[in-house]
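J.: Sequence:
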Amino acid sequence: MLDLKFIRSNPDTVKLAARNKGEKVDIDKILELDKKRRDIIGEVEKLKSERNVATAEIARLKKEGKDASGLIAEMKKLSDRISGLDDELRETETEINEKLLWVPNIPHESVPVGKTDDDNVEIRKWGELKSFDFKVRPHWEIGEMIGGLDIPHGAGVSGSGFYFLAGPLAGLERALINFMLDLHTREHGYSEACIPYLVGESAMRGTGQIPKLKEDMYQIEGDGLYLIPTAEVSLTNINAGEILPPGSLPKKICAFSPCFRREAGSYGKETRGIVRVHQFHKVEMVKIVEPETSYNELESLLENAERVLQSLDLPYRVRVLCTGDLSFAAAKCYDIEVYAPGMDSWLEVSSCSNFEDFQARRMNLRYRPDKGAKPIFPHTLNGSGVALPRTVAAILENCQTKDGQVVIPETLRPYMGGMDRIGK
RNA sequence: GGAGAGGUGGCCGAGCUGGCUGAAGGCAGCUGCCUGCUAAGCAGUUGAUGGGGUUAAACUCAUCCCCGGGUUCGAAUCCCGGCCUCUCCGCCA
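Residue numbers (our numbering): 5 to 428.
Incorrect hints may appear among the rest.
As the list claims (entries may be wrong) - Label-pair restraints from in silico Cβ distances:
(1) 224 <-> 321: 33 to 41 angstroms
(2) 9 <-> 81: 53 to 61 angstroms
(3) 190 <-> 17: 38 to 46 angstroms
Don't read these hints as lab results, they were simulated from the structure.
All values reported here derive from a predicted model rather than from experimental measurement.
Glycine included, every Cβ here is placed at the ideal spot set by N, Cα and C.
With the sequences and hints as input, model every part of the structure.
T.: Set out below in C-alpha cells:
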C-alpha cells in the first residue's frame, strides 16, 4: 500500500508506475475521495470540539445542581449531526482504503521498463550447460525410469497438479530441504522458523495476495482461512501491527513450508511433469530491514539463493524483471532460473524481491530506529531459497546418465546416507 | 465442543455505582540537581493515528483503555456481537 500523502503529492509518479506495471487504477478518484475525506474531517472535528466544551459545561451545571436541559437538547441535535458526518467519513475512508489496496507498488528506478517476460534483462549466468552424448530425457521420463515419481496417482487422489514422490526420490526431496535450511541458518545468518500454513485474511492482505490475487488462493470454507501460497505470508506478517524496538533490525528468518496455489488460468502452460503444480515445498527467506539498507539486502538475498544452486552445481541465470512482469507488491525483483536440459528450458526456482515499505504499510508493521524516535515503516524482502519440484526436476535432468540413472549431487549425499545415485 | 475468568500506556497495575481520566500508583527510560565513586534521594519528562499549521519545528484540534456496533448531551466505565488469552471438563496427534 502506498502512502496516501505520497499519492496526493506525486499523482503522476503513481499513475506512471501503475501504467508500466500494466495495472488499471483510478488515482484521480482516490484523490477526489481524499479531498472529500479531509473536508469532512475538518467539519466534524470542529463540531466535536464544540460538543466537548458543552459537555464539560453540562457536567459543571449538574454538579452545581443547576438546570442543563436547554444545553442538553442543543447537544442532542449537534450529536445527531456529528454521527451523520461520522458515518459519511467512515464510508469515505472505507472506500479509499479499498481502492488503495488495488494500487500497485512503484518500481525502483533501476527496474527496466517493459511489458512481458521477453523484456526481462539477464544479469548473469552461472555454470556450464552440460553436453550429453545421448538423448536427454525430460524429468517425468527419468522419474518413471528410476521410479518414485508418481503423477498418475497424485491426479487420482487429488486431481491434476498433484503427485507422489516415493522411495529415494522422496528422500532426495527431504535431503534438499535439510540442506537448504542448514545452509541458510548456518552460513547465511537466518534464524529458522516453523510456521502456520493456514492464515487469516488480514495476513493475506498484508503481504498483498488479497485482494488482487485472491482467485489464486485456496480458501478454507467455514473458517475464513487461506492455505499459504508461500511461507512469505506467515513470515512477513509475524510482527504485523507491532512497533519493533530499536536494534531489532535487520531481522532474517527462513522457513520450510508447503505452498498451495490454484494456478487459476494457467492451464495448458508448462503442465507436463512437476514444474507447475498446486502443492509444492519451498524454503523461503524473509528479511525485515531498515529502509536505507534494503537494496543492499536484496543483493545479498539473491546471493544466498544462488548459493543453493551453486552448491548443487546446477547451471542457472539471473534476470531482473521488467516493470510489466514485476508483481503487484514488489518494487524490484530478480528471478533465478535453473537450466533443465531435458525440457531445454529455464525454470524459475526463486524470486528475490524488495517490497520497500509497501507490505509493512499494509500490515502496519513499524520500527522505532532509536529510543524516543518516531516509528517508521521498515522495508520487507523475500526470496525463495529455493522451490523444490523444479529443483528436483533440474537435478533429474542435469544429473541423468545414459543408462537411466541419476547421480546425486555430492552436497546432498551426506543427507541421503551416503547414497550416490538413484536408479537400477 | 461444554463451564467459568479476563483483555487498560514499554511493562506491572488502579479505575469499571457514566462527567477536566490519555487515563492514579509503581517499575523501566530520558533530562536536570545533588552526593568522593556506586547505590540512594529531589524535581521535571517520556504513547499512537489523523486534520490544520510550519521550510522544519513550535503550536493547535480530533480520535484511541482488544476489535466492531448500540444506549447517552457525554462511555475505559452500561448493552450486544466478534476475536484472543487463562482455568476446569470433554476430545485428540
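J.: So, for every hint listed, does it hold in this structure?
T.: Results for each hint:
Residue 224 and residue 321 have their C-beta atoms about 38 angstroms apart, which keeps the hinted 33 to 41 angstroms range intact. For residue 9 and residue 81, the Cβ-Cβ distance of about 35 angstroms falls outside the hinted range of 53 to 61 angstroms, so the restraint is violated. A hinted range of 38 to 46 angstroms holds for the C-beta pair residue 190 and residue 17, which are about 42 angstroms apart.
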